[in-house]
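For the record, the sequence lines run as chains Z and G.
Under our numbering, the first residue of the first sequence carries the number 7, and numbering increases by one thereafter.
Under our numbering, the first residue of the second sequence carries the number 7, and numbering increases by one thereafter.
None of the hints are false.
The list makes no distinction among identical chains, and a pair is therefore deemed to hold if it is satisfied within one copy or across any two copies.
With a Cα cut of at most 20 Å, we get these calculated PhoX-like pairs of lysine-lysine:
{"#": "1", "residue 1": "36", "residue 2": "152"}
{"#": "2", "residue 1": "188", "residue 2": "36"}
{"#": "3", "residue 1": "280", "residue 2": "416"}
{"#": "4", "residue 1": "513", "residue 2": "439"}
{"#": "5", "residue 1": "309", "residue 2": "337"}
{"#": "6", "residue 1": "336", "residue 2": "416"}
If you are wondering where the hints come from, they were derived from the structure by calculation, not from laboratory data.
Protein chains: 2
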Amino acid sequence: MQIKKALLVLSLLLTAQTFAQTSPAAAAAKSYRRMHEHEIINEYVNLLSIPNVASDTPNIRRNAALISQMLERRGVKVRLLEVPEAPPVVFGEILTPGATRTLTFYVHYDGQPVEPAKWAGGDPFKPILRSAALEAGGRDIPLPGKGEKFDPEWRLYARSTGDDKAPIMAICAALDALNAGKISINANLKFFFEGEEEAGSPHLEQIAEKDRDLLKTDAWLICDGPVDQTRQQQVFFGARGVTGFEVTVYGPRRELHSGHYGNWAPNPALMLSKLLSSMKDDDGRVLVKGYYDGIEPLSETEKRAFAEAPDNDGLLKRELGLGWSEGAGKKLIEVINLPSLNIRGFVSSSVGATARNVIPSSATASVDLRLVKGIDHKVAVDRVIEHIRAQGYHVVETDPDDATRLKYPKIAKVMRQGGYNASRTSMDLPISKAIVAAVESARGKVVKMPTLGGSVPLYIFTDNLNTPCIGIPIANHDNNQHSANENIRLQNLWDGIETMAALLTMK
Amino acid sequence: MQIKKALLVLSLLLTAQTFAQTSPAAAAAKSYRRMHEHEIINEYVNLLSIPNVASDTPNIRRNAALISQMLERRGVKVRLLEVPEAPPVVFGEILTPGATRTLTFYVHYDGQPVEPAKWAGGDPFKPILRSAALEAGGRDIPLPGKGEKFDPEWRLYARSTGDDKAPIMAICAALDALNAGKISINANLKFFFEGEEEAGSPHLEQIAEKDRDLLKTDAWLICDGPVDQTRQQQVFFGARGVTGFEVTVYGPRRELHSGHYGNWAPNPALMLSKLLSSMKDDDGRVLVKGYYDGIEPLSETEKRAFAEAPDNDGLLKRELGLGWSEGAGKKLIEVINLPSLNIRGFVSSSVGATARNVIPSSATASVDLRLVKGIDHKVAVDRVIEHIRAQGYHVVETDPDDATRLKYPKIAKVMRQGGYNASRTSMDLPISKAIVAAVESARGKVVKMPTLGGSVPLYIFTDNLNTPCIGIPIANHDNNQHSANENIRLQNLWDGIETMAALLTMK
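Modelling step: build the complete structure from the supplied sequences, incorporating the hints.
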């Protein structure tokens, strides 16, 4: 009931969003799309039907081959960028005589691993069209025939519909529209379609270094992520960094009978509860000493962007069934500009049917940290480890032996995980303004996000390659990214084609 | 290394425990046992070979039949006490003309469920003799032939070796010894061997009520549980009550991307950590308001018993790898006379290989409470629920609906579990003193425990049947009760036979 009300408010908001589309390329893309929805969806279904988990080498190569063909068919000069044991990057170029600017479109064609049993249709690589989101009662519908109407609220379900094959399809359809409308391309364009982003981009740094000259560009356009929760187009200028650790604390060497020893043998679940509780206050502020030290301040433009961003918090809380939020009343868009500390999960012994009357012998929590500009990911974990020490813990890296157990009342094993730093491109750069202007010419006023809450290794582009990096997402926010039943709302794909048309024709 | 040192200290302590055995029956039992170890162990192996999980009806009945035969062969008049859908109680009587006292021996012949894969031998019902505890490097040895020597430090491994078939075997062997030594029985003896104690004795109250007249007795002798950790014989006069609950707190309706929403969407694992942390201080004292109210004070005799009990805490800490204990320095034997609050386990999302970068949608803890005389088990849970409310939670009994989620920032679902109250028999009763004297005549000075830390539904005997109830355990404390690799140390079985001989011949 509450969800339906939220959706109603949302659609009223959307109806109010009328604007004059000033981009001729976007207008041409709209006309072209209206005439070719059937072909676009058919080609997209074809692309989505190839499984694309990064570790599935044969299928990853089939994806790369098909995408190469799709680009070549549109006049793009394509090659694969390879390093050993990595999915290839599909790299394409459109060189424009006399161009004064080079723009590079980043997309990734791999997707998150899948658990088919959790998908309504049973097969994440067999795309299914539905009349609405499953959560809103969407039912399966057959693909319309040529010339039949597509409802823009329909959704196409399959892995990577939203994250991140949609921009590939949008770029291809936009190139078709430009060609059909004889609209010229004005810049040098490069396409960099990665094949292992969801596996953590383990070779991206190496490829960027190896092909440094090839990748010279005036800006990276990161076509990934969702649009705003109001469905308004957004442009983002950075992403939080990420790291994490797993912490284990210890009780008795073996699980003990909770009657014979309860009240006496220390309980590691309680110890871990106290340790985790010490890390954040009731408003969600991190209490680790120095946790916020060194944060690079936001510019006036970035602060203004917050003020101008829509306040979606009320809608989101209704959608998510939340009676409150962390951050002492600050908006979501504001708090993602702070580093976070999040318990991904914790486990000690069992609950439910398998709970036993025991004092557990250990308790483990997995924690991730999201970072902002000015905080190094290794330093952030160092600070948390110091905090754990300050709570009276002896910190180790492997399970403690007998002597260690007896010497130190409280022992915490901390297993550090990898990570990378946050990245941010100034909104005030001419290229930043030009990209915002291009997107707005297609889609009207955009939400400008100084940073994404999530993490993308943009530092490789901004810091290693020293290039501005700006994000233009397409997918609906409720696309079930990374989960089962991932989907794209058709209107988001249609909008994406127009956005890409405007960007592809930038001067 | 530390364990070996602890065991060394332990064995030195044990060597020092020499005493004069003043019970002729116990002395006769010792002589008889030394001549018949082979037969005793063979008969015990036979009994242990029948699976005895309470829900395994055919095998439970096979156990009851064999135990009936074992008793009948020793001149005990046996019948089965039955109520529908319950394992039968094997009930036996030896009526003694002119007896002035009736004593009832309680044992349970069922055992905890088993996970064969966790047993070193792979089959919990195929007894294996080992040269020492597995933890101390014990290796499998064949059963000695007739007349061959048994090392008293050997251990016999199988489900219920320690908990709780040992007293059945000890009573049978003691009856043989009395018969062989022509030593007379002086009281009326009853044997009440239950078949579903490990399933929570769901029909015990009903059986006790139905056969109330048959069960008239001057005392219940509860032959269950382990002896002191120093291996000294103990006698206990009560048991803690028990109850529990499961508590779930809620975050977003679905797991959220920890980047896009981390710092804003409330984290239920953190909320649960804070809630659990609020329940106990760093010394383990329960902070729930009124938690200790109404505790029935201990008598002078009971207080003296603490002072006289061995201080095993140092040894235990070494054995368990603990650098500290709860209770602000109080001894284990002392703190089990207080109610406890123990986290049996908690779970929220995942850790380790299956951890995902999410804000979990809920977190659940399973908690058990151990109770002492004067605290009703329902009242104890009421107090904890009040505490949860005092932390700002709206308490519900089922998963909250959308309206509830939005109305209350913090929601806790509390699922109460069943339970029963603590029980305690005065150490000052003549029957209490007589039983202690009988056990000491066989085993030397005993450790007198006002209560067991664990829970046994003794209230059925003490409160419903209004009869004193005194516990005389046999098993070694390190018998892995309830776990895999349960075992009995042979010396504990030998000692048990002598103890039972002394009790069976009480006047």
